[in-house]
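For reference, each letter of the sequence shown is one residue, going 1 to 293 in our numbering.
These are calculated hints, taken from the structure and not from any lab test.
Please note that the accuracy of each hint is not assured.
Stated by the list, open to error - The list that follows gives simulated cross-link-like pairs (lysine-lysine, DSSO-like), each with its CA atoms no further than 27 Å apart:
#1 Lys192 / Lys273
#2 Lys258 / Lys281
#3 Lys210 / Lys273
#4 Lys192 / Lys210
#5 Lys105 / Lys255
#6 Lys258 / Lys75
#7 Lys75 / Lys210
#8 Lys192 / Lys255
#9 Lys210 / Lys258
#10 Lys258 / Lys233
#11 Lys258 / Lys273
#12 Lys105 / Lys210
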Amino acid sequence: MMQEKATHTVAVGVLVLLFSGHGAAAAGLDIAALAAEIEAKAPVAALVRVASDGGNQPELIRVIFERLVAKCPAKNPSDLWRDETEEIYIRLHEKHLRFGSRSAKQSWASASGRAFERHVRSTVNRELAPVGILALSAPQLDRVDASLRDRLTLRIKRPCSEQPLPVWPDNDVLVVSKTANGWQPFAVISCKTSLHARLTETLFWSVITKQQLPLKSLFVTLDLDLEFGECAKPTRDARVLAETFLDRTYSLNQKTVKCATFRPFAEIPVDLKRWRAELVKGAVAKPVQPPAE
């Protein structure tokens with residue numbers, strides 16, 4: 001197990017170095033040329049073999065995507081995700097693990113959602129950990145403060161038994177601030193690459209959570225299919241419901257029509273700092289270290 005973790009760390013590090021080179025033009029990527037460059041400079045077979053483990057696939061996708069975004073700042077991040085990131089990931093698996101096309105695509109479908117959550121967390125932590133704010137997954141909560149999980153658990157009263165039932169909501173990312181007395185949660189982020197009718201669940205938990213906890217409810221999406229429409233001409237009910245029941249919706253798609261509550265993802269650090277000032281008493285704006293995945 002320790003050897004696998006070490007191999008994974010080295011492999012991801014190699015990938016970061018590769019993508020920080022000069023294999024892609026600023027305006028876009030030549031996938032074939034980039035694949036050849038990777039094969040020439042790294043033990044790709046070992047890299048993909050480690051990444052084939054369910055716990056490491058999301059990290060591989062996250063690293064690829066973030067390197068592409070850094071290399072191609074003029075390209076729509078949503079397009080980079082749908083096109084280059086997915087294609088590079090699938091090509092690596094098909095060639096070096098001899099997966100069929102269907103299996104490689106299934107692997108992407110399984111891991112890409114968790115990879116997007118990791119991207120959201122890593123972006124928030126990179127910007128805000130220096131001022132005492134962390135974005136955490138549910139498993140990371142206990143490593144920061146053992147009391148956080150209980151404090152974020154909802155109590156639902158069952159009509160049959162009249163007894164309170166502890167329920168863990170659909171919390172993709174929890175945002176907490178360091179305080180003089182420990183840690184204080186102040187926002188919940190739901191992460192979806194696209195809607196496909198999954199917004200309803202996010203809205204449900206947003207309403208229920210706000211009834212019990214003073215938390216901001218945020219939604220981050222790649223909006224791959226431009227499913228929200230415009231403010232004046234919303235697509236179905238999605239935009240109207242998101243505007244009504246969420247504090248903010250952030251999109252990585254540059255083509256998403258923005259308004260007061262639909263904002264670019266790049267604005268989330270500023271908003272989180274403002275909401276911490278409103279909701280967290282005794283916040284400590286000193287650097288903190290995000291826990292390991």
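Here is what the structure says about each hint:
This hinted pair checks out: Lys192 and Lys273 have alpha carbons roughly 23 Å apart, not beyond 27 Å. Between the alpha carbons of Lys258 and Lys281 the distance comes to roughly 31 Å, so the proposed pair goes past 27 Å and is violated. Distance hint between Lys210 and Lys273 is fulfilled; the C-alpha atoms sit about 20 Å from each other, no more than 27 Å. Under the criterion of a C-alpha separation no larger than 27 Å, the hint pairing Lys192 with Lys210 is consistent with the structure, at around 20 Å.
Of the pairs offered as hints, the one joining Lys105 and Lys255 holds, with about 26 Å between alpha carbons and a cut-off of 27 Å not exceeded. Pair hint Lys258 plus Lys75 holds up; C-alpha atoms about 18 Å apart against a cutoff of 27 Å. This hinted pair does not check out: Lys75 and Lys210 have alpha carbons roughly 37 Å apart, beyond 27 Å. Note on Lys192 and Lys255: the hinted pairing holds, with a Cα-Cα distance of about 17 Å set against a maximum of 27 Å.
Our distance criterion of 27 Å between C-alpha atoms is met by Lys210 and Lys258, whose separation comes to about 24 Å. Taken as a hint, the Lys258 and Lys233 pair is honoured in the structure, with Cα atoms around 12 Å apart against an allowance of 27 Å. Taking the CA atoms of Lys258 and Lys273, the gap is about 21 Å. The hint holds against a cut of 27 Å. Restraint check for Lys105 and Lys210: not satisfied, since their Cα atoms lie roughly 37 Å apart, outside the 27 Å limit.
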